[in-house]
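Protein chains in written order, with my numbering: chain A, 1 to 283; chain B, 1 to 426.
Calculated from the structure, these hints are not laboratory results.
Please note that a few of the clues may not be correct.
In silico DSSO-like pairs for lysine-lysine, Cα to Cα no more than 27 Å straight-line [what the hints assert, rightly or not]:
(1) B/LYS212 - B/LYS255
(2) B/LYS107 - B/LYS133
(3) A/LYS191 - B/LYS107
(4) A/LYS191 - B/LYS105
(5) B/LYS7 - B/LYS302
(6) B/LYS107 - A/LYS110
(7) B/LYS66 - A/LYS191
(8) B/LYS7 - B/LYS66
It should be emphasised that the depicted structure is a prediction, and the values quoted were computed from it without experimental measurement.
Read off the chains here:
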Amino acid sequence: METNKTKWGLAGASVPIMLWTLIPIVWIVATSLKSTTALADQQQNVFGNFWPKSISWDNYSLIFTGGAKDLFVPALWHSIVVCLVATLISVVLATFCAYAIARLDFPGKKAILITALTVSFFPVIAMVTPLFNLWRILHLFDTLPGLIIPYITLTLPLSIWILSAFFQQIPWEMEQAAQVDGASSWQAFVKVVAPLAAPGVFTTAIIAFFTAWNDFVFSSNLTAARAQTVPAALNSFTGASQFTQPTGAICAAAVVVTIPVVILVLLFQRRIVAGLTSGAVKG
Amino acid sequence: MSSIELKNIVKKYGDGFPAVNDVSLNIADGEFMILVGPSGCGKSTLLRMVVGLEDITSGELDINGKRVNDLAPRDRNLAMVFQNYALYPHLTVFENIAFPLRLAKGKHSDNEIKEKVNTAADMLELREHLERKPANLSGGQRQRVAMGRAIVREADAFLFDEPLSNLDAKLRGQMRTEIARMQRRLGVTTLYVTHDQTEAMTLGDRVAVLKKGILQQCASPRELYEQPINLFVAGFIGSPPMNFLPARVEGNTLKMPIADVELTGELAEKVKGKNAVIVGLRPEHIKDASLGDNISHGVPFKAVVDVTEWLGNEQYAYIPFDSDPSLQGTLEELDRDLDGEGMRTQMVVNLDSRSRVREGQEADLVFDPSFMHVFDPESGDCLTRDDDRAAEIARDNEEQRKAALERAKSRESNAASQSAEPRQAS
Ligand SMILES: Nc1ncnc2c1ncn2[C@@H]1O[C@H](COP(=O)(O)OP(=O)(O)OP(=O)(O)O)[C@@H](O)[C@H]1O
Ligand SMILES: [Mg+2]
């Protein structure tokens, strides 16, 4: 009885939190499904201007095939490419780094961890202006590498922290057993440590990917047209004419970029939670 | 076919503390060598140096007469069973056992690997578990998988680090005989770390006793028991442990709290000039005089029994005695070295189960002084040790070991020829 009561109590308490976080998302979805007229006319919507009476896919066709296509589709590609590359590089680097931190005793080990932590707390906006100037000198402004590099900076410290916690959980003896069984250090890593660390690496990759995927500050400041990612591109949407607001199209684009996030989180929520908490507790 | 030779091996960890200090050991081909000692005495460190997981600070390690100090573990061709087994959780039992074979690239075909793994699995009764993951196995089964991984390749030697310490008592007994049988059958040189008395005494051809990184004595279990070289070994080997009694030397008489003993001959010479010595008496060498067993030259004494424990086949009686302040320090230190619980000012007597001695009674007891061990309290040396007798035991032990290996070999070849014959006939 007692546990049942607690259960219902917790469920009741979580309802307002869920509403609080869900309503904006549902609102974006609803807005993206409104036709241009419905956006301006309350009469065509139910629940007090919330949900459209007749669903229209106009906004989606606008961003994928219509007038906003040239802005949105390349931006989507940029987002995917930039985030995948940045994630891949930072996870690979972090794997080696975290492995060394977990396994070897070398001077400066603490310094690396502390630096990583400091960097990840550093306000991103403070880096943007110097980077902007530097990138223009180096001709990295508005290029994909010009975005990938800061994203690595953003995700690497995070990855190192999460991964070193994962590696510390893998017993040393497993590797030593492999070495006695005839494996070289590299073979022991590939055949024993890597498979055991795979879930951790995977979790880290997901978290790193989202960190990059959701970034707005770097993208909007370090790119202009040729390398813009979706969050920044949304900002430069214009309406069909000078006098219409691009609200519907922006919402449609926002839904499109949110979908992969939601799907991945739903699929891997257990792992993500495990990854975050192990990082938090063991560090 | 391999021998392992340790020459003056020293291991100092980062903090300069010598975990293993100047240990020299000679492990013959096919020999079962045990390393025992209290916790933290450097057993695991020594084993890990042999297998190559720990650098050797100084000294030389030879396998088959070849110096291997600087070889990586994989180049030493030794197999090891870890205390927590260190099985690979992502691989099936089959793949766990096949792991060393798969690493020796190109050496074994897939069929060969299958055959070898199956042979090992049959030997260890793991056949029906081959497709399972280690996480789903019981402790004993995991232990056997770890052994399977060790025996599947033709390693020069087996190294075990307390392989049975995670098992319950019954399983431990079972696996102990299993290991003994397997070692004899395969005739592989084995180095085995344990802190379990029974394992050390029953498994080992020879037992090396370590104390704080220093080798005390390396001999057959029988020699360790009957002719210990010093106080530490005497107190460490045997369960329940040897009783240590303080004794004052007065002329040719040893005055112990329980009785006085007249000394003669060589021993009398050795204790001359000392004020006090420590006398060691094994619990089973003290008998109930009222049972009428005839002990010639026995020293009779009366003592009040504090507690008795009747176990069916035998019975323990505890007899408190007064400690001697001048020897208390030595005995306390000895007790600390042996990981004891506190000062032993009581004597344990292992009586026949027929004995009617009960708590609070004054019992008539007797012991044979020729079984007495006498130790120098300063150096801890055993003054009663008979080197000729010890050498005789060692010779005997070595002969028996060789004979046992021979027997195992001939049994093996008999079994092989018998199983081969029907195949030829068909
Ligand atoms: N990595 C290390 N760094 C520093 N000192 C160590 C290290 N490993 C072991 N030691 C020290 O070396 C000594 C011997 O340790 P070892 O593990 O060999 O003991 P052991 O005999 O196997 O004990 P146990 O029976 O508890 O397993 C101990 O005093 C220990 O504190
Ligand atoms: Mg140990």
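Taking the hints in turn, this is what the structure says about them:
1. B/LYS212 - B/LYS255: This hinted pair is violated, its Cα atoms lying about 33 Å apart.
2. B/LYS107 - B/LYS133: Judged against 27 Å, a Cα distance of about 26 Å means the pair holds.
3. A/LYS191 - B/LYS107: Judged against 27 Å, a Cα distance of about 18 Å means the pair holds.
4. A/LYS191 - B/LYS105: holds (14 Å)
5. B/LYS7 - B/LYS302: With a Cα-Cα distance of about 51 Å, the restraint between B/LYS7 and B/LYS302 is violated, given a limit of 27 Å.
6. B/LYS107 - A/LYS110: Since the Cα atoms of B/LYS107 and A/LYS110 sit roughly 44 Å apart, the hinted pair is violated (cutoff 27 Å).
7. B/LYS66 - A/LYS191: violated (30 Å)
8. B/LYS7 - B/LYS66: holds (12 Å)
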